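Visitor: As given, the protein sequences belong to chains A and B, one line each in that order. The opening position of the first sequence corresponds to residue 315 in the numbering used here, with each subsequent residue numbered one higher. The opening position of the second sequence corresponds to residue 315 in the numbering used here, with each subsequent residue numbered one higher.
It is worth saying that the hints were derived from the structure and are not from the lab. Bear in mind the structure is a predicted one, so any value in this text is a computation, not a measurement. For every residue, glycine included, the Cβ atom is placed at its ideal position computed from N, Cα and C. Some hints could be false.
As the list claims (entries may be wrong) - With the Cβ distance kept under 7 angstroms, some of the chain A side facing chain B (calculated, not the full set):
id: 1; residue: T359
id: 2; residue: G385
id: 3; residue: R394
id: 4; residue: D398
id: 5; residue: A401
id: 6; residue: S402
There are 2 protein chains.
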Amino acid sequence: MTNLADTVDTYLAGWNEPDAPRRAGIVDQVWAGGGRLIDPPLDATGRDQISDMAATLQAQFPGHHFVRASGIDEHHNHFRFAWDLVASDGSVTLSGIDVGELDADGTISRITGFFGALPAADAS
Amino acid sequence: MTNLADTVDTYLAGWNEPDAPRRAGIVDQVWAGGGRLIDPPLDATGRDQISDMAATLQAQFPGHHFVRASGIDEHHNHFRFAWDLVASDGSVTLSGIDVGELDADGTISRITGFFGALPAADAS
Numbered sequence: 315m316t317n318l319a320d321t322v323d324t325y326l327a328g329w330n331e332p333d334a335p336r337r338a339g340i341v342d343q344v345w346a347g348g349g350r351l352i353d354p355p356l357d358a359t360g361r362d363q364i365s366d367m368a369a370t371l372q373a374q375f376p377g378h379h380f381v382r383a384s385g386i387d388e389h390h391n392h393f394r395f396a397w398d399l400v401a402s403d404g405s406v407t408l409s410g411i412d413v414g415e416l417d418a419d420g421t422i423s424r425i426t427g428f429f430g431a432l433p434a435a436d437a438s
Numbered sequence: 315m316t317n318l319a320d321t322v323d324t325y326l327a328g329w330n331e332p333d334a335p336r337r338a339g340i341v342d343q344v345w346a347g348g349g350r351l352i353d354p355p356l357d358a359t360g361r362d363q364i365s366d367m368a369a370t371l372q373a374q375f376p377g378h379h380f381v382r383a384s385g386i387d388e389h390h391n392h393f394r395f396a397w398d399l400v401a402s403d404g405s406v407t408l409s410g411i412d413v414g415e416l417d418a419d420g421t422i423s424r425i426t427g428f429f430g431a432l433p434a435a436d437a438s
């Protein structure tokens, strides 16, 4: 798998896959062995924890799925893109960005997610 | 230095400092020893390379300075914020975001920058 858009879209498909063995297969395909996934509420290292994180999120947001909401901006094996978490009625429950890093073989070694828009300039 | 806004604003002051010894002092203050700074055109590891990167950018954009253009969004020692590269007449030449990681002691171990807005959803 060398196309970054395919990698990212397969990574998102992993979040959306309710079947644990199928999800593990997706995670094995796109994630490096020691990969780390860090979201505001969650921090997972390794494929098993990453797959468990998806199950936790699915339980928290029943009927939802992730869609990619932007193109992918890439340099030096680092990338970013926007995503929406979409409810079964098509409304967007949560938006955010993921910033990632690829290993030399094109698998994902790191994803750091941020939710919502950037805070206003006077917020910190 | 434990306040993240102070750390980030001092990091930006390093970009803006034309005096090499003063800039090295700022870089020593906010960056971890093996820190890595990855921008679309540049990739620097360690304080010397990071300080040299600032000199390169200052030569490329004379009279410019960086300002923080958002609040700072932080979780799990990871953070993001927006910045503007401002010309001497006050116009914005370039905007972008930096995504960073802190070491346990609060120094910056990693900054990954992205320029401009995210690409449109059909761009990749």
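Visitor: So, for every hint listed, does it hold in this structure?
Guide: Against the structure, the hints come out as follows:
1. T359: Result: violated, 12 angstroms to nearest chain B Cβ.
2. G385: Holds, because the Cβ-Cβ distance from G385 (chain A) to chain B comes to roughly 3 angstroms (cut-off 7 angstroms).
3. R394: holds (5 angstroms)
4. D398: violated (10 angstroms)
5. A401: This hint is violated: A401 (chain A) lies away from chain B, its Cβ roughly 19 angstroms from the closest one there, beyond 7 angstroms.
6. S402: violated (21 angstroms)
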